[in-house]
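Residue numbers (the numbering used here), protein chains in the order written: chain A, 1 to 372; chain B, 1 to 355; chain C, 1 to 297.
None of these hints come from the bench; they were simulated from the model.
Every residue gets a Cβ at the ideal spot worked out from N, C-alpha and C, and that includes glycine.
The reader is advised that the hints may include incorrect statements.
Computed list of chain B residues with no C-beta within reach of chain C, every gap over 10 Å [said to hold, decoys possible]:
| hint | residue |
| --- | --- |
| 1 | 6 |
| 2 | 7 |
| 3 | 35 |
| 4 | 99 |
| 5 | 198 |
| 6 | 346 |
No farther apart than 16 Å at their CA atoms in a straight line, the calculated lysine to aspartate or glutamate pairs in the EDC-like style are these [unchecked claim]:
| hint | chain 1 | residue 1 | chain 2 | residue 2 |
| --- | --- | --- | --- | --- |
| 7 | A | 289 | A | 53 |
| 8 | C | 121 | A | 250 |
| 9 | A | 131 | B | 91 |
| 10 | A | 113 | A | 321 |
| 11 | A | 75 | B | 175 |
| 12 | A | 75 | B | 291 |
| 13 | C | 166 | C | 189 |
| 14 | C | 121 | A | 253 |
| 15 | C | 130 | A | 260 |
| 16 | A | 157 | A | 184 |
| 17 | A | 62 | A | 23 |
| 18 | C | 130 | A | 236 |
Anything over 10 Å on all C-beta distances counts as not near chain C; from chain A, calculated [what the hints assert, rightly or not]:
| hint | residue |
| --- | --- |
| 19 | 49 |
| 20 | 87 |
| 21 | 216 |
What follows is the residue order along each chain.
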Amino acid sequence: MRKLFVVVLCVGLLLSGVASAQETIRIGANLEMTGAVAAYGQMIWEGINLIREIVGDTVLGKKVELVLVDNKSDKVEAANATTRLIDKENVVAIIGPAISGSMLAAGPICEEKQIPIISATATNPLVTQGKKFVFRACFLDPYQAAAAAQFAREDLKAETAAILSDIAQDYCVALGNFFKEEFEKRGGKVIVEQHCKTGDQDFSAQLTTIINANPDLLYVPNYYTEIALICRQARDLGYEGIILSADGADAPELFSVGGDAVEGLYHTAIWDATKGLNDIGQKYIDRYKEKFGKDPNMFGALGADAYLILINAIERAGSTDPVRIREAIEDTENLDVVTGKVTIENGDALKPVVVRKVEGGKFVFVKTVTVE
Amino acid sequence: MTVGEISARCRLFLTVLLFGLLMLGVVLAERYLNAYLVRILNTACIYVVAAVAYNLVNGVTGQFSLGPNAFMAIGGYTVALLMLPLAQKKEVYFLQPLIWPLNAFSFPPSLFIVALFLGGLLAALFALLIGIPTLRLRGDYLAIATFGFGEIVIVLANNLIPITNGALGIKGIPEYTNLWWTANWAFWTVFVVKNLVNSSFGRALKAIRENEIAAEAMGVNLFRHKLLAFVLSGFFAGVAGGLFVTLISTVSPTLFTFSMTFNLLIIIVLGGLGSITGSTVTAILFAFLQELLREVEAPHTIGSWTFPGIPGMRMVVFSVILVVLMIFYRRGLFGRRELSFEDVLYLLLGRKARA
Amino acid sequence: MSWVTFFQQLMNGISVGSLYALLAIGYTLVYGILGLINFAHSDVFMLGTYFAFFMMVIFLLPWWLSVLIGVALCAVVGMSIERVAYRPLRNAPRISALITAVGVSFFIENLGLVTVGARPKGFPRPDLMKNVYVLLGARIQGVTFWVPVISILILFVLFYIVYRTKIGIAMRAVSRDMETTRLMGVDVDRIILYTFALGSALAGIGGVLWACKYPQINPLMGVFPGWKAFTAAVVGGIGNVVGAMLGGFIIGLAEILIVAFFPGLTGYRDAFVFTILIVFLLVRPGGLMGEAVREKV
Numbered sequence: 001m002r003k004l005f006v007v008v009l010c011v012g013l014l015l016s017g018v019a020s021a022q023e024t025i026r027i028g029a030n031l032e033m034t035g036a037v038a039a040y041g042q043m044i045w046e047g048i049n050l051i052r053e054i055v056g057d058t059v060l061g062k063k064v065e066l067v068l069v070d071n072k073s074d075k076v077e078a079a080n081a082t083t084r085l086i087d088k089e090n091v092v093a094i095i096g097p098a099i100s101g102s103m104l105a106a107g108p109i110c111e112e113k114q115i116p117i118i119s120a121t122a123t124n125p126l127v128t129q130g131k132k133f134v135f136r137a138c139f140l141d142p143y144q145a146a147a148a149a150q151f152a153r154e155d156l157k158a159e160t161a162a163i164l165s166d167i168a169q170d171y172c173v174a175l176g177n178f179f180k181e182e183f184e185k186r187g188g189k190v191i192v193e194q195h196c197k198t199g200d201q202d203f204s205a206q207l208t209t210i211i212n213a214n215p216d217l218l219y220v221p222n223y224y225t226e227i228a229l230i231c232r233q234a235r236d237l238g239y240e241g242i243i244l245s246a247d248g249a250d251a252p253e254l255f256s257v258g259g260d261a262v263e264g265l266y267h268t269a270i271w272d273a274t275k276g277l278n279d280i281g282q283k284y285i286d287r288y289k290e291k292f293g294k295d296p297n298m299f300g301a302l303g304a305d306a307y308l309i310l311i312n313a314i315e316r317a318g319s320t321d322p323v324r325i326r327e328a329i330e331d332t333e334n335l336d337v338v339t340g341k342v343t344i345e346n347g348d349a350l351k352p353v354v355v356r357k358v359e360g361g362k363f364v365f366v367k368t369v370t371v372e
Numbered sequence: 001m002t003v004g005e006i007s008a009r010c011r012l013f014l015t016v017l018l019f020g021l022l023m024l025g026v027v028l029a030e031r032y033l034n035a036y037l038v039r040i041l042n043t044a045c046i047y048v049v050a051a052v053a054y055n056l057v058n059g060v061t062g063q064f065s066l067g068p069n070a071f072m073a074i075g076g077y078t079v080a081l082l083m084l085p086l087a088q089k090k091e092v093y094f095l096q097p098l099i100w101p102l103n104a105f106s107f108p109p110s111l112f113i114v115a116l117f118l119g120g121l122l123a124a125l126f127a128l129l130i131g132i133p134t135l136r137l138r139g140d141y142l143a144i145a146t147f148g149f150g151e152i153v154i155v156l157a158n159n160l161i162p163i164t165n166g167a168l169g170i171k172g173i174p175e176y177t178n179l180w181w182t183a184n185w186a187f188w189t190v191f192v193v194k195n196l197v198n199s200s201f202g203r204a205l206k207a208i209r210e211n212e213i214a215a216e217a218m219g220v221n222l223f224r225h226k227l228l229a230f231v232l233s234g235f236f237a238g239v240a241g242g243l244f245v246t247l248i249s250t251v252s253p254t255l256f257t258f259s260m261t262f263n264l265l266i267i268i269v270l271g272g273l274g275s276i277t278g279s280t281v282t283a284i285l286f287a288f289l290q291e292l293l294r295e296v297e298a299p300h301t302i303g304s305w306t307f308p309g310i311p312g313m314r315m316v317v318f319s320v321i322l323v324v325l326m327i328f329y330r331r332g333l334f335g336r337r338e339l340s341f342e343d344v345l346y347l348l349l350g351r352k353a354r355a
Numbered sequence: 001m002s003w004v005t006f007f008q009q010l011m012n013g014i015s016v017g018s019l020y021a022l023l024a025i026g027y028t029l030v031y032g033i034l035g036l037i038n039f040a041h042s043d044v045f046m047l048g049t050y051f052a053f054f055m056m057v058i059f060l061l062p063w064w065l066s067v068l069i070g071v072a073l074c075a076v077v078g079m080s081i082e083r084v085a086y087r088p089l090r091n092a093p094r095i096s097a098l099i100t101a102v103g104v105s106f107f108i109e110n111l112g113l114v115t116v117g118a119r120p121k122g123f124p125r126p127d128l129m130k131n132v133y134v135l136l137g138a139r140i141q142g143v144t145f146w147v148p149v150i151s152i153l154i155l156f157v158l159f160y161i162v163y164r165t166k167i168g169i170a171m172r173a174v175s176r177d178m179e180t181t182r183l184m185g186v187d188v189d190r191i192i193l194y195t196f197a198l199g200s201a202l203a204g205i206g207g208v209l210w211a212c213k214y215p216q217i218n219p220l221m222g223v224f225p226g227w228k229a230f231t232a233a234v235v236g237g238i239g240n241v242v243g244a245m246l247g248g249f250i251i252g253l254a255e256i257l258i259v260a261f262f263p264g265l266t267g268y269r270d271a272f273v274f275t276i277l278i279v280f281l282l283v284r285p286g287g288l289m290g291e292a293v294r295e296k297v
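Please work from the sequences and hints to get the whole structure.
Below is the structure:
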């Protein structure tokens, strides 16, 4: 009796499996729903679901089914989750973990099993390096720094620049280096480079040295706390030139700490949550505000981007064969997603960098920069 | 000396037996436990190495050092730089290339043990350099100087980009560390330190802890004894650092901050300052406790209620434990007692253990 | 480097140094009387800024009143720490007291992280403190003029308390020999409590002035100023109040001028301070104004 029941159950499961495989396309989501960076995973999940409400959940006439597996913000769990999604859940593609460490653990598995994986926000260069099936929906620090350098040279007409970067943050060090490279390639000159350390509060010595060199522009690719204090002290010490920073500046604390000293500060950003760059971006922002009653966040937007890139690739591939989907993702060009027009190159996303300026205690959109 | 002391030969036999049992445990664990548990056990064994070494200075000798994180960092970076494959060296150092001669060679896996020893030795060398000026002085100064040294090491790790790759850290270090290595090092660290503590040298160290002036009057050379204990402790801390980076496959300046020292401090205080057994047991407990308390920090959903996680709660709990222990239960779990073979034998034979 | 730039750097150094000096006095006071490194001093420093901040933002009190209440609360916190954590360990081995001090410090920092969060808050400050004045080409913030004035005032008050009042005499007696003082009929516990109140109030004042110069407060803001101030106290000769001030200025100036003269080495700024510390321990462990270190038999 019991045996019979098991057999019936198995057959039933098999049949339903076959049936669902015909009718739906399964996409895995390997996200941080709990653990240290649960907030990231949850925001990405929110963004994916929101965009599905906007663009619908069908492609090639089939319903897209999302299979969510929590990787608990842990790289071992992320690897296990990846294996499970591929072997047990039979997904054709995966939206990968938010953080680079987990993405580095999941990547090789996808390479081996030939299933494309795309992360919304993993920024470590090693994530996609030398891999065919690993992608990301965000741009990288070198790209952002290059955009900043281009903006500094072409739009702000800066001839000379100084850099004050946080030596204890890989993000800041990398941005500083790439900015210098690009700025000098474009004919400018970085005349002084200074460093500080996360948690520093006094920058007077560094800033006095910088002011003494009299640069046209000061590049501070740090986090908001340091940026606010640096602006404050730079202005107090009499610096009157332009200050340019990166997406680390984007926090309300910039204004509460920096006050009038951050007025006129430029920064590069992934996107502007107040103004959509295209139709779908505006729809996303409106829908998000309507549903959650607050400004949308970058993680959700990039999660939506990852989903859109995948769906678009499946559509162009005209098939659910993972290898063909992978080729279609790599061929993505000027696709309109939430954060602008995206092109995929060597696994990384290239898209316009937003430049904003502080005016009257808030960020104001200036323009978008596409690196040439 | 009490009646029932075990003979030296019997002791050797029991030590070998214990070692054998431990190795059997390793084989079984590697085969039957899941990756997550094995990982915690690995961390536990590394904590044993670091905590027992730290206890030699803080507990046995009574000198307040705040620098094991620095020595672990030195050992960790050394091992990472020696073991990182050449191809990975090219890939990781994309800001500034690695300097010669580090960029020209890489140890094969078979030389992992040599790398660990070199990491330990370099840490010991720095312990010697930092110990010479400070161990002549009164206890408090050691605390300040070792803390300062820890900060210097972190600053150097951030700034010497052609060697350490700065804040980017070194990623993709081959994961050579497994339970086999960590359990062996834990065993041999305990073995060496315990035998040292039971020797005349160890008695001199304890005399220093109890009363420096009296110890000196008895003819103990304070400086040399403290220095030797400090250097040995530095060696094992370096090895622990090396094991750690090859376990988690990455090293960066944030890995060995003062929190690492704080964790070790909790372990040795909870186990009982001066008790090797205590440090060993609590180091293992701590590794599991840390995982448990991770739960406290994660958000929980009960029914329709979601309780937000409280990140950082772990450290609040640990610091309260530390202060409460110091005030109400300064002896810790084991006081200064050690679990000896005699105790175990008596226990097994159903007789009362020695007083 | 031009003369103006050099002068500006000199002013920067004095400005930072005077804040270290103020903090160092608190460390040296407690150390001089109890022989304990009060690791929690830098956290009381941080608490002072938060107390004042919440008084201003939540209770909307005027600036000066908020600061006064903040400083008073610091004194209360200092006394509580002494009563709860340090007193039970008065006769315990020195290492136990040090471990407890580290524990208390970590507790306050992490409790701060859990309750108010790691994100910094902007600290409101009066114009008197934030206006910038130009002196011989160097630009100097208002607070920079005030800190040395306040420090010297505090120094006088301290000297008055320590040398002219009964409590001060008792404090000095406790620092010489606690047991004998107790036998003489002095309530030693009370005297130590007062010492902590005084030291913690100083930390509170230091915190507020620090926040006036760097208008950003967060739960870990005290850690590095604390260690540098402690280094200053050691350089000046621990236990010596004048030495602590001198040490503060030396550390502040050294930190700034090394960066000024070797701009390529700015990333190493914190390492310099601790190197100075280790060098001092090596060649002159008693500090500039301290006595030779000798253990009492």
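Hint-by-hint comparison with the structure:
1. With a cut of 10 Å on Cβ distances, residue 6(B) stays outside the contact zone with chain C, its closest approach being about 32 Å.
2. At the 10 Å boundary, the C-beta of residue 7(B) stays outside the reach of chain C, the nearest C-beta of that chain being 36 Å off.
3. Non-interface call for residue 35(B) relative to chain C: holds, since the shortest CB-CB distance, roughly 30 Å, exceeds 10 Å.
4. Non-interface call for residue 99(B) relative to chain C: holds, since the shortest CB-CB distance, roughly 17 Å, exceeds 10 Å.
5. Distance check for residue 198(B) against chain C: the nearest CB is about 22 Å away, which clears 10 Å, and the non-interface claim stands.
6. Distance check on residue 346(B): its Cβ is at least 31 Å (rounded) from any Cβ of chain C, clearing the 10 Å threshold; non-interface status holds.
7. For the hint pairing residue 289(A) with residue 53(A), the CA-to-CA distance comes to about 14 Å; that is within 16 Å, so the pair holds.
8. For the proposed pair residue 121(C) and residue 250(A), the alpha carbon gap of about 15 Å is at most 16 Å, so the pair holds.
9. Only pairs whose Cα atoms come within 16 Å are accepted, and residue 131(A) paired with residue 91(B) is accepted, the gap being roughly 14 Å.
10. Taking the CA atoms of residue 113(A) and residue 321(A), the gap is about 12 Å. The hint holds against a cut of 16 Å.
11. This hinted pair checks out: residue 75(A) and residue 175(B) have alpha carbons roughly 14 Å apart, not beyond 16 Å.
12. For the hint linking residue 75(A) to residue 291(B), the alpha-carbon distance of about 15 Å falls within 16 Å, and the restraint holds.
13. With a C-alpha separation of about 15 Å, the suggested pairing of residue 166(C) with residue 189(C) holds against the 16 Å cut-off.
14. Between residue 121(C) and residue 253(A) the CA atoms are separated by roughly 7 Å; this keeps the pair inside 16 Å, and the hint holds.
15. With a CA separation close to 12 Å, the supplied pair residue 130(C) and residue 260(A) stays within the 16 Å bound.
16. A threshold of 16 Å between alpha carbons decides the hint, and for residue 157(A) with residue 184(A) the separation of about 13 Å falls inside it, so the pair holds.
17. Taking the CA atoms of residue 62(A) and residue 23(A), the gap is near 6 Å; set against the 16 Å cutoff, the hint holds.
18. In summary, the hint linking residue 130(C) to residue 236(A) is supported, as the alpha carbons are separated by about 9 Å, within the 16 Å threshold.
19. Distance to chain C confirms residue 49(A) as a non-interface residue, since its nearest Cβ pair spans about 28 Å, more than 10 Å.
20. At roughly 40 Å from the closest C-beta of chain C, the C-beta of residue 87(A) stays outside 10 Å, upholding its exclusion from the interface.
21. No beta-carbon of chain C is positioned within 10 Å of the beta-carbon of residue 216(A); the least distance is around 19 Å.
In the structure shown, no violation is registered for any of the earlier numbered hints.
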